[in-house]
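J.: With the hints as your guide, set chain B onto chain A.
Chain residues, written in single-letter form:
Number of protein chains: 2
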Amino acid sequence: MRSSSLALAISSGFVLVISLLGMFLLVPQAKPQAPVSLNLMPQPASLKTSTGALRIDEKFTIALTGHSEVRLDLAAERFLTQLHRQTALLLAKPTHDAANATLMVHADHASKEVQELGEDESYSLEVTPSGAKLNAANPLGVIRGLQTFLQLVEVTPDGFAAPAVSIQDQPRFAWRGLMIDVSRHFIPLDVIKRNIDGMEAVKLNVFHLHLSENQGFRVESKKFPKLQELGSDGLYYTQDEVRDLIAYARDRGIRVVPEFDMPGHSTAWFVGYPEIASGSGPYSIERKWGIFDPAMDPTSEKTYKFLDELIGEMVKIFPDNYFHIGGDEVNGKEWDANGKIQEFKKSHNLKSNEDLQAYFSQRVQKIVTKHGKSVVGWDEVFIPGVPKDIVIQSWRGQKSLAAAAQQGYHGILSNGYYLDLGWSAARHYAVDPMSGSAADLSADQKKLILGGESCMWSEYVNAENVDSRIWPRNAAIAERLWSAQSVNDPASMYTRLDAVSARLEWLGLTHRTYHRKMLQRIAGPAVTPEEFAALKALADVVEPVKDYTREETAPAEPTSQTPLNRLVDAVPLESDAGRHFAELVDKFLASSCHDTATATLLRRQLSAWSQNDAAFTALEQKSFLAREVTATSRDLSAVGAAGLTALDAIASGTALTSDQQSRLNALAAEAAKPKTQLLLIPTAAIKKMINAASQPASCK
Amino acid sequence: MRSSSLALAISSGFVLVISLLGMFLLVPQAKPQAPVSLNLMPQPASLKTSTGALRIDEKFTIALTGHSEVRLDLAAERFLTQLHRQTALLLAKPTHDAANATLMVHADHASKEVQELGEDESYSLEVTPSGAKLNAANPLGVIRGLQTFLQLVEVTPDGFAAPAVSIQDQPRFAWRGLMIDVSRHFIPLDVIKRNIDGMEAVKLNVFHLHLSENQGFRVESKKFPKLQELGSDGLYYTQDEVRDLIAYARDRGIRVVPEFDMPGHSTAWFVGYPEIASGSGPYSIERKWGIFDPAMDPTSEKTYKFLDELIGEMVKIFPDNYFHIGGDEVNGKEWDANGKIQEFKKSHNLKSNEDLQAYFSQRVQKIVTKHGKSVVGWDEVFIPGVPKDIVIQSWRGQKSLAAAAQQGYHGILSNGYYLDLGWSAARHYAVDPMSGSAADLSADQKKLILGGESCMWSEYVNAENVDSRIWPRNAAIAERLWSAQSVNDPASMYTRLDAVSARLEWLGLTHRTYHRKMLQRIAGPAVTPEEFAALKALADVVEPVKDYTREETAPAEPTSQTPLNRLVDAVPLESDAGRHFAELVDKFLASSCHDTATATLLRRQLSAWSQNDAAFTALEQKSFLAREVTATSRDLSAVGAAGLTALDAIASGTALTSDQQSRLNALAAEAAKPKTQLLLIPTAAIKKMINAASQPASCK
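Chains as they are written, first to last, in our numbering: chain A, 1048 to 1747; chain B, 1048 to 1747.
Since no wrong hints were added, every one of them can be taken at face value.
As the list makes no split between identical chains, a pair holds if one copy fits it or if it spans any two.
Here are the computed lysine-lysine pairs in the DSBU-like style, where the Cα-Cα straight-line distance is at most 30 Å:
no. : residue 1 : residue 2
1   : Lys1106   : Lys1335
2   : Lys1240   : Lys1564
3   : Lys1722   : Lys1106
4   : Lys1387   : Lys1413
5   : Lys1335   : Lys1140
Derived by calculation from the structure, the hints in this document are not laboratory data.
Next up, chain A with everything else stripped away, as it sits in the complex:
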């Protein structure tokens, strides 16, 4: 039914006497050049480059030798899938025949059935123009090394290639985690899985599931089914799904640590089981954000019996040695209001609610220990005298981590790694578990600091935008936890982060593509190309307000029912375009003012911004979601125009008049004010240009 394929087949008259493989061999093969740069993230512990590169073409094969197990086969298949995504080459399946393989993989022995904290993850990787070898003690090292190989593969002028290198690598910290809060907004399993793929790509090894909250209890209990039936709006993981998820993570060398937050942050439990609460109930699922009064009754044996049975059930599903009991932010109001509890405090000589919580923590720790697990908890669970196998997860900072270490307790750092606060990758990157108070610890005490975990709290995060809230910034944190403390140049980090971000997109993460659909929703399907371009240009240079100012500046009190459809929900937490513009301004101001190439780029950008609001105005007439950000669009065009004036002044070597200065400074000051929870990122760089233009003869 192909109207001209018949004619083609006849006219070509091509006789097939050579095999397809033969055909490939006949194609002249230029010697592959090494890629221009190495873009590994995290940086390996030791890397030597040499000359030449290994061509990656359709003849590429991978062979597995040494210790053999299904997990290694799966890792090799996953590797080939990702190599296909990067190159579109159709590749042969993995073999166990090392003789002719391009990449020969060897694992000495198995790793633990249930992955343990501190297991060997080291590997060595040798790439030469004629082949590559990956050696590791166990499958964990193989999994890490395969990701390094994938990051080595680059496009070159002569095809795809991996540069000749010799790498010896192992992590600095044994605990390198990502926590996702699936309770405030439920995150479906497929979204979790692609984030676990992302974790594997940057060598993270702990996935921490924050499973219960005031707003939801997210895992099925068969013993206490009202937990999920009444406490989750129907949005929870079944036990089979959890088992599947744990197997999925294990395949990728990732432990899964479950968190059941108690005795506070637990309203959702009480909807079905008010009898373990300190208040009189009834309770309903919390829809708002913040800290709430409901807390478990730490004085009732019913509570401990309930927890004993629930924890007993959950440790059968979650095989990891660590079990997270939360423990944060109890405001004590329900305890204060309950006479029986006050009575108990007196009779047990518990002087404060902190003492009462310590009593609760100790009881729960005993239950966890009884079930064969070790406890992880937020700072509050650290009370001198608790068993030494506890791990403190610090949301308060290196100081509390150091304090615990001084008394012989293990800790992991999360302060500084809260992904929801909207910090730049560079700001997260500058936080090191070993800096601050931790730097003063003794060598033995330092060993107690196991690593860190980034935390994705989900007040303003759902399945649609969560990838963009985690990635690519989380890759910078992953490097902080894997690579040497001395690997800390933000410029190098950003160059490599841009490359990793592209690779994460091939992996299936949506942090670069989610954006279009959300902007389209704001613009409406009937938007013109010019209007959409104007919205996109604005979206590219704004960021949500930082830290907790989003709550403080909300137009109405936000709840879990608030639609996440505003520009603040759609834009990435860090503006790439804003960063690139700031770099360009710095380059221009640091150089001779006769750097006309940079001046041309700046002029083009500033000119486009100065004209952007004209196109955006039309969209404001169509969409309430566009109209909301009118002021920011005006600001962008205003600072664009201000920047042009400053640029002209600098380029001509004529200082701005004082009238001009005050007018431009006023514009920049106005644009610097957050509006509708958005920050206009280029403002700071344009302010620099105005300052430079305000000095006579600002050219060097």
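T.: Structure of chain B alone, referenced to chain A:
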């Protein structure tokens, strides 16, 4: 663990005495305005607009009344999911309580258990500012009407709303199909499913699965397992998957017609079962494209016994009344070379291979009929005298369709709807099953023309880019088959197509997002933002060569193993940016030359193109995939500069000198030549500008 949420909760001191619902009611509600335009596709048979609009907010509910069945519940849930995607509103589940529903849906009775050709798909939809009613005879009409409602929902200055309308709607044709060739390149089930979602959105009702080819046999047979085991490279659908797919399609009001192409296009069958072939074998899966010699042996009873058993097995899986037997493009070479077959022709008085194929078709038709199904086949199966229940699928055009109709046979049109040929949406849109020879048929004969099917042949299509090869253009074909023949204005079609394309993206189709990853592969992860922008700018204005010239101009003979990683694989088949530019040029040339607003837009675009190659040059040094398209990048900058010269001449009212004319015309002629299988779309519009600038006083 939220370091400032405690402070926030205390400082806000907000006492919760009102319910959340109450809160919503307290927000002042502006009267919603009607959206600026209606962007329905396909256009309904009858539509009346009135004043006002129905607000769509978090209080929106849908109720199902009348005939009740699970399929309706699922349709309502799917509707709410898509409404959520369009608005991000959190919406209540569907109810059967009509009292307070925003949208009340009523179906009179069930539709057929197995959906039949010609079943009633009509519906009426009334939207007023206070509510909406959707009525239909059966669930098929409800499914169609829900999609119309979704297309009515637009963003407005006051929130989301659907305009007040009264719609009576039904399709013009009963057979409105999409065929996907899953044999040349296998297309995974999840990709198929999202395309079926797209079909539902534009009211298509037949999904035609082209299941077997020289390059692959794609469905599991339990009777003849070597068909998929040896004939598919492991890429096929299991019977369970097919059942799941059929249920998925049925839920969306879509029939599934399987095609087993015979007696030609069948090499993959013979890998496992050479005994039904006309040659001596052995056979292997074909890797090249075109027409090949292998064909079934039409003279052997073994062949018919095999087909009887296979068809008997397949009709149990595919419940549709129609069964497609292919029948196209047998070159007869294996028959000519087989003495036994030549003998048979003589002894049965079959004068030609066409006669022999007619004999085969009649035998197979009898088998299909015996199994209770009616035959569909390509033009070649139409031989005067075949049973009247046959449907001819015409790849040859309206002429052969009309010829069949004149003899009382049913037909559907596919000629003009081949999506792989790279035609513009407007060109497909202009093809009507009732035009050409069909226009001269009598009224009764016209009734025999059942509709049409677009065809996605998959030589250059895989899971990564298939969505972009089908959508959005297929929506224009869907309108052709649903709406009146008089609905044929391409400008209106394109306006509405842009809106539908955005809606299809919300549905999960990747036709707008796939692009980034493929361009990133070409550019490499280490690309700079400027280089990527240059590649994107080039990609936005090129299209693959049309019709079958891709085969004819391939750098090496393409096979199923050729990676689809070149720019020609990555760019959409129709350039939106190219179309918008051409519209702008037409507007400028048709207007006074003093249309400075349009001139400014043109100047900005032409200037950007003229400078684009400078940035692209850097990328050519990094990537062989970028270097391949160097000449086209040069051409783009050349025609950009030529366009600027022409624009200046027109704007100043000074004709180009004859030297300028010949220089610019030579540039445009060079740019008009396809290179590396790419067409540079703006060239034609720029040629128009050069022509206009060549005439003295070209301004009106």
